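Could you build the full structure based on these sequences and the hints that come with them?
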Amino acid sequence: MGLTISRQNCNTQSFFSEIPNDLLIKIVSSLPVEDLARCRCVSKQWASVLSRDLTNYSTSPRILFTFHLNGKWVFFSTPQALTTDQNLTTDYHMCFHTRDCSHEICPPVCGLICNRDRGLMICNPSTGEYKTLPNPTWMKSKMRIFFGYDPVGKQYKVLCLLVSEKSRIQKAKVLTLGTGKLSWRNIECYRVRRDYVSPTCRAICISGVLYFQAEGRVLVSIDCFDLRSEKFKFIIPPVNSENKWNRTPINYKDKLGVLYSNLYSGIAESIVSGGTESIELRVLDDPEEGRWSRHIYIFPPIWKNLVAEEDFLCVVGMTRSGEIVFSSYFPSDPFYVLSYNVERNTVIKVEIQGLGSRKGSEIFTFIDHVENVKHI
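Counted the way numbering that gives the first Met the number 0 counts, the sequence shown spans residues 0 to 375.
In short, the hints are calculated from the structure, not lab data.
Predicted model only: the values in this text are computed from it and were never measured.
Hints should not be assumed to be uniformly reliable.
Said to hold, decoys possible - Capping the alpha-carbon separation at 27 angstroms, the derived lysine-lysine pairs in DSS-like fashion look like this:
1) 170 to 232
2) 230 to 153
3) 141 to 230
4) 348 to 252
5) 172 to 373
6) 254 to 232
7) 180 to 130
8) 303 to 373
9) 172 to 130
10) 71 to 130
11) 172 to 230
12) 373 to 180
13) 180 to 230
14) 230 to 254
15) 71 to 373
16) 170 to 130
17) 141 to 170
18) 141 to 180
19) 172 to 153
20) 230 to 252
21) 130 to 141
22) 141 to 71
23) 170 to 180
Unchecked claim - Using C-beta positions, here's what the derived DEER-type ranges look like:
24) 184 to 299: 47 to 53 angstroms
25) 353 to 118: 27 to 33 angstroms
26) 309 to 254: 42 to 48 angstroms
Virtual Cβ for every residue (Gly too), placed ideally from N, Cα, C.
Structure representation (structure tokens):
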């Protein structure tokens, strides 16, 4: 049963204000995130304490689903721990109206998401909060947006790249959340100015560093942006990676990993089907020397029984327990995700229920989403 917070009189508010902060934290730490958000409405004191002192509040990672439906961005999630022969029902989080069916949505970082409509927006699916960011004053078609978190400075930052007609980087700006008035700052980007960055380029944030890569037939480069120093750096790409059509950056045990498949799909991310026999992983073991290790994973025979020949799945990412998660970009009935354990060489297929009726809208799936209780 959810927690109900109603309008209180002065005597009740006085009672709430007498609860010691340590006892308050102990009580509310066992509540779901949605109820914690309601607790902040009790009083200014509660809002301050719950936003400041819940640094140790943590939840198990979840799989987040979001899609555009009837003029709205809708968010659902389900537990990330998948087991055999299990159907999962999603929990609805929030929706907000949008003026544009934008395909540019950054992966969640510490519970928050950056999405680009006609403007930029930060949202917290767990609490239902969202905030519109100031316009970088660049044309939408010429911008690339990336979102990350600096664990040292404990700051969220948005990186905006201005690209030319040929999608080459020309300028860069950074916006830091939680600094009072939100504003963009120009930064140097000469080290990556010649790189090609397509509109579908995906990035991943690992330990305070954003990694993004060029798209197209040839992997031109992998660039990284240190969110602490706000400096760019070029990384030597894996050897013999130029013939790989599809690639997806992942977090492999706090190292940059790139998953490859040779199934041509016309989009950038790694794609597999029922006919795919293996997938390749390159891991950046030494960023300074550009040293990569190579791993080939051959799917077990049951893969062909679980995935139809005509079904195309994208790589969502790799969990910390060593499972590669796959899902479809487009609606299917039923909709499902697959989890491939690279160490055990086992595959689990799980039906996802509760997403509702959808027609023609891409479904964006993200792993390792954690619920965040703080104000945006």
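Checked hints:
1. 170 to 232: holds (15 angstroms)
2. 230 to 153: Holds, because 17 angstroms separates the two Cα atoms, which is no more than 27 angstroms.
3. 141 to 230: holds (21 angstroms)
4. 348 to 252: holds (24 angstroms)
5. 172 to 373: Roughly 25 angstroms between the alpha carbons, so the hint for residue 172 and residue 373 holds.
6. 254 to 232: holds (16 angstroms)
7. 180 to 130: holds (13 angstroms)
8. 303 to 373: Between residue 303 and residue 373 the Cα gap is close to 44 angstroms, so the pair fails against 27 angstroms, i.e. violated.
9. 172 to 130: Roughly 19 angstroms separates the two Cα atoms, so the pair holds.
10. 71 to 130: Satisfied, since the Cα-Cα distance of roughly 15 angstroms is no more than 27 angstroms.
11. 172 to 230: Roughly 11 angstroms separates the two Cα atoms, so the pair holds.
12. 373 to 180: Holds. Residue 373 to residue 180 sits at ~18 angstroms (cutoff 27 angstroms).
13. 180 to 230: Status holds; Cα separation ~23 angstroms.
14. 230 to 254: OK: residue 230 and residue 254 at ~19 angstroms, within 27 angstroms.
15. 71 to 373: Satisfied, since the Cα-Cα distance of roughly 24 angstroms is no more than 27 angstroms.
16. 170 to 130: Since the Cα atoms of residue 170 and residue 130 sit roughly 25 angstroms apart, the hinted pair holds (cutoff 27 angstroms).
17. 141 to 170: holds (11 angstroms)
18. 141 to 180: It holds: about 25 angstroms lies between the C-alpha atoms, which stays within 27 angstroms.
19. 172 to 153: This hinted pair holds, its Cα atoms lying about 19 angstroms apart.
20. 230 to 252: The hint holds at about 23 angstroms.
21. 130 to 141: Within the cut-off at roughly 23 angstroms; holds.
22. 141 to 71: Roughly 24 angstroms separates the two Cα atoms, so the pair holds.
23. 170 to 180: holds (22 angstroms)
24. 184 to 299: 47 to 53 angstroms: holds (50 angstroms)
25. 353 to 118: 27 to 33 angstroms: 30 angstroms Cβ-Cβ, so the 27 to 33 angstroms window holds.
26. 309 to 254: 42 to 48 angstroms: Violated - the Cβ-Cβ distance for residue 309 and residue 254, about 34 angstroms, lies outside 42 to 48 angstroms.
Comparing the model with each earlier hint shows violations of hints 8 and 26; every other hint is respected.
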